[in-house]
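Residue numbers (the numbering used here), protein chains in the order written: chain Z, 4 to 359; chain D, 834 to 1065.
Take these hints with a grain of salt, some might be off.
Pairs of lysine-lysine residues, derived as DSSO-like cross-links and limited to a Cα-Cα distance of at most 30 Å, are as follows [claimed, not checked]:
1. D:891 <-> D:952
2. D:891 <-> Z:213
3. D:891 <-> D:971
4. D:959 <-> D:971
5. D:971 <-> D:952
6. Z:152 <-> Z:132
7. Z:161 <-> D:959
8. D:959 <-> Z:132
9. D:891 <-> Z:11
10. D:891 <-> D:959
11. Z:161 <-> Z:132
It is worth saying that the hints were derived from the structure and are not from the lab.
Note that this is a predicted model, so its numbers are computed, not measured.
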Amino acid sequence: MAVPQKPKTRWHIAVFLAPAVLVYTAVMIYPLFNTLRLSLFSEVDQTRIWVGLQNFRTLFGDAIWSEQFWNALANNAWFFVIHMLVQNPIGIALAAILSSPRLRFSAFYRTAIFIPTILSFVIVGFAWKLILSPIWGIAPGMLDAIGLKFLYQPWLGKEEYALTTLSLVSVWQYVGIPMMLIYAALLSIPDEILEAAECDGITGISAFWKIKLPLILPSIGIISVLTFVANFNAFDLIYAAQGALAGPDFATDILGTFMYRTFFGFQLQLGDPHMGSAIASAMFGIILIGVCIYLFGIQRRLRNYQFYGQLNAQSSSDNSQHDRRTCDPGYIYGDRAVSGICHPDQQFQKPSRDLS
Amino acid sequence: MGLPNAETFSLIGYETVLRQGDFFLYFQNSMIVTVVSLTLILLFGAMAAFALAEYRFKGNTLMGLYLALGIMIPIRIGTVAILEMMVATGLVNTLTALILVYTAQGLPLAVFILSEFMKGVSDDLKNAGRIDGLSEYKIFFRLVLPLVRPAMATVAVFNMIPIWNDLWFPLILAPAEEVKTLTLGSQVFIGQFVTDWNAVLSALSMAILPVMVLYVIFSRQLIRGITSGAVK
């Protein structure tokens, strides 16, 4: 880069960086750490005193608090599990169907499935509340029309179903995001790989399982971590549909609503910023653990593997005479599993040896 | 049931909504917050991205990582301290508070995406500008910014919808009547008129309308942004 390397200070760099760094530090990073700090304090007689880890002891140990906390955490975990097991597989399946060249009106379906993601939780939560309402809703009538009336339950009002129902509403709303990301990943798979597989007689469904799915694993990894972070600081949908008390009887209480009630206060409960900070710190820890698992455990493997896959695609298109094995992802994947994480340069050697 | 005909068609719901809730004010607030935040995100984000992509200086990588932290860590975690800060500075119940928060929230991803794009801008072009005597600022504003316009549009679309739809920060930082955003306004309104179905459904339709219009205008950009792998 031909930056004039003068000895004098290059002020323009500071000028370019300053606004973003200042706003980001002052409104995001500083409050984040200040929240972590506040969780170590408590308020007695309107003065702030240092209590160390006492707030956390209360949160995890005191029966009144810990019961709510573990309830919220367990609900949140279930919320996440439903997203992972329902939203993401459906998103992948939809993307696979949409990317099929024989499908007509695919742009229309894509738009229709994606539109709920741009709506606010307030609208979605309330619309579903209306649909599912036993008195006003259209759900009982619709089930009746197909003779399944006996299946109907007031899903949002029963403790055992409410959380699952809301999770599925959230799945309905957000299934467009994994669909789009996977769709993009599927489109970026080089045709050579698919053609080579076709020569080997791998087509249709088996082409999806054996070739496309391994190649979109990095995208699935990203979607998983995005889902994780979004789910563990979710709030809006529960608040819009069930209110801050996350009824019935806290059955839909998740960490976001719990934190809101605690630090902001709700109805008879007074706001306690320090306990709120403690909950926020716990959420921070949970999200940090999730992101670290992804960054250090999953993404590294996937990155290398993706890189390898691309190199193979590259070499297969560069050479008219190529060993079929190099563009069979099954082989690539198998090889990766054996070689573990190795330097990209090392990996580069392999296909070229195979090719010669 | 069925579609309304000449006799049953009525706009009574919309009349109630417009009489009771100050929807134009809410709409205006949402618009101000969204537009100003997006402008600041794009301007500050592009400047920082340019500094990171163009110049080599001590701590460049570190600064990049520092700014990227916010991509994964949600700003909501710091809400308690943000509220405390806004109360201390007297910014609570102002649109400025929301704008600051959304700007900070949008910057990390904006810097990340834009610096990737700026690395692709030809060095020869910038050096030609330098030889012609353009200052670094002019190179940024006159040469580089117009070239990364597609990326800026992508960033804008990615940030627009979450800002418009956010309920958490308006609820906590700006719940006062005169600074309510449309999302919060419709949430409160729906809660109050829960038995007046005409009004509630009209309010829902009115709340959906702006986002739908935005989507129709920007959908191509949004889909292109997602499918070009800007989020990866």
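- Which numbered conditions among the earlier hints are violated in the structure presented, ordered from lowest to highest? 2, 7, 8
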